[in-house]
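Engineer: So the sequence lines, in the order shown, correspond to chains Y and H.
Under the numbering used here, the residue at position 23 of the first sequence is numbered 23, and the numbers go up by one with no gaps.
Under the numbering used here, the residue at position 166 of the second sequence is numbered 166, and the numbers go up by one with no gaps.
Think of the hints as simulated: they come from the structure by calculation, not from any bench.
It should be emphasised that the depicted structure is a prediction, and the values quoted were computed from it without experimental measurement.
Wrong hints could be hidden among the right ones.
[As the list claims (entries may be wrong)] Restricting the straight-line Cα-Cα distance to at most 16 Å, the calculated cross-link-like pairs of lysine to aspartate or glutamate (EDC-like) are: (1) H:Lys225 - Y:Asp126; (2) H:Lys305 - Y:Asp126; (3) H:Lys174 - H:Glu210; (4) H:Lys242 - Y:Glu116; (5) H:Lys238 - Y:Glu84; (6) Y:Lys57 - H:Asp59; (7) H:Lys24 - Y:Glu84; (8) H:Lys29 - Y:Glu84; (9) H:Lys108 - H:Glu295; (10) Y:Lys45 - H:Asp65; (11) H:Lys109 - H:Glu295; (12) H:Lys24 - Y:Asp83; (13) H:Lys235 - Y:Asp126; (14) H:Lys235 - H:Glu210; (15) H:Lys29 - Y:Asp83; (16) H:Lys24 - H:Glu301; (17) H:Lys242 - H:Glu200.
[Stated by the list, open to error] In silico contact screen, one side only, chain H against chain Y (beta carbon under 10 Å); selected entries: (18) Phe55; (19) Thr147; (20) Thr218; (21) Ile219.
A virtual CB, placed ideally from N, CA and C, is assigned to each residue, including glycine.
The chain contents come next:
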Amino acid sequence: MGAHAHKLEIFRGLIKFKSNIQKIWGVLILLSIITAIEVALGIIKPEWSMKMVLRMKILNWIFIILTIVKAYYITWDFMHMRDEVSSLRRVVVWTGVFLIIYLIFILLQEGVYVEEVYKEGYIKRDF
Amino acid sequence: MDTTTVVSTGTEGKTWGGGNEPLKASYGKMMMWFFIVSDALTFSGFLAAYGFSRFKFMDTWPIADEVFTHVPFFHGNYPMYYVAFMTFVLIMSSVTMVLAVDAGHQMKKAKVTWYMFFTVIGGIIFLGSQAWEWGTFIKGDFGAVQTNGGNILQFVDTDGQRVALGDFVVAEHKERIQDQRKLGIWYTGESSALPSYTIEEVLHGLEQNEHVLVRTQTINKHGHKTVLSRAESIKQIKDNGKRVVEGANLEVNEYGSPLFADFFFFITGFHGFHVLSGVVINIIIFFNVILGTYERRKNYEMVEKVGLYWHFVDLVWVFVFTFFYLV
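Extracted from the complex, chain Y is given alone in its bound form:
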């Protein structure tokens, strides 16, 4: 069954699984570890991660990056994106990623502006 062949490597070949089922469990362990790290960081909130980098706390950047890592493994291994042809992968991922980044940029930019108006304009909010 050539159509059902699975690519069994993750981390660019660092970890190779023997079967598809083994890979599924491997990815589950990876996702659980990442979630555990997120929750632990969210509860501890270490002092060093409170510094602002590019207008956001380091901790929040870590959360966002870990989330994208999780999204990658869900899409690539659970949704079998790894086994699809590259053109299908690009049609789905590039379209989505481009539009989403565009949308986020516009809305957050506008949000920052409105906050500035609230803060520095002559709008009274504390009454």
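Assemble chain H onto chain Y, guided by the hints.
Structural biologist: Relative to chain Y, chain H alone:
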């Protein structure tokens, strides 16, 4: 009579000879992917709008782990644990789904049946947890006061621990009737039930209890909400206090900005609706598997297509989890 004329075009097997699958995916699978792309954009619309509102009220937005602190059957302060559990349940049901797809490829009917069953159970546990989460959120636990300007004032003791209204306010006997449209001006009325206390009683209770202070929504430079001094606390409630807020609804909530609850209901609600439809579709597929539909069709691709949708629901939750509960 039943001779069908088939004209051979001589292009069989060539690019335009028909029977080709663009992107090497079947029609159904490709369309599921395209649906997922558009649905992903809908969810990013919601989450980006949440980001917009949050950036707009950057220094007064509620802190999520002060809001979601409950675990069923346990008392006390456990931020995030329950949502983490929900995330794990959803990931786990994704795993059983992908195992069902894998078993389908190998045409193992019994295995597909069991894995589909576990996937449905996982979905139901998640939905139940979300219903509980909504219930807790709507009910609220400490109560607060809304000011004329629409800001929320909460109460803490001198150690900074939250104090519930019931702990220091005494309800007096009163004859206050709910303001209904038919009793007042035709366009006004109170949408929610009357709170347990009036604003005067809260002020009275605050004046009586010297260890109670008011906490505003403003986040100070240490990342905590600002606690006012005793004199300022009384002044705020006396001058600006307008109504007592208990719990959350679309109009007002005791956690802070009304938009916080609005987005909570809309985003987790929209996601929960996806989970619900996913569970329903999974149940349909589950019965189809039992009835042997795919066995007769000699392929289980339907399980795979539904699986794509189910994983997508999981994928969205990963983002909701991050942007609503963690960041």
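Engineer: Among all the numbered hints in the text so far, which are the ones the structure does not match?
Structural biologist: 2, 3, 4, 5 and 21
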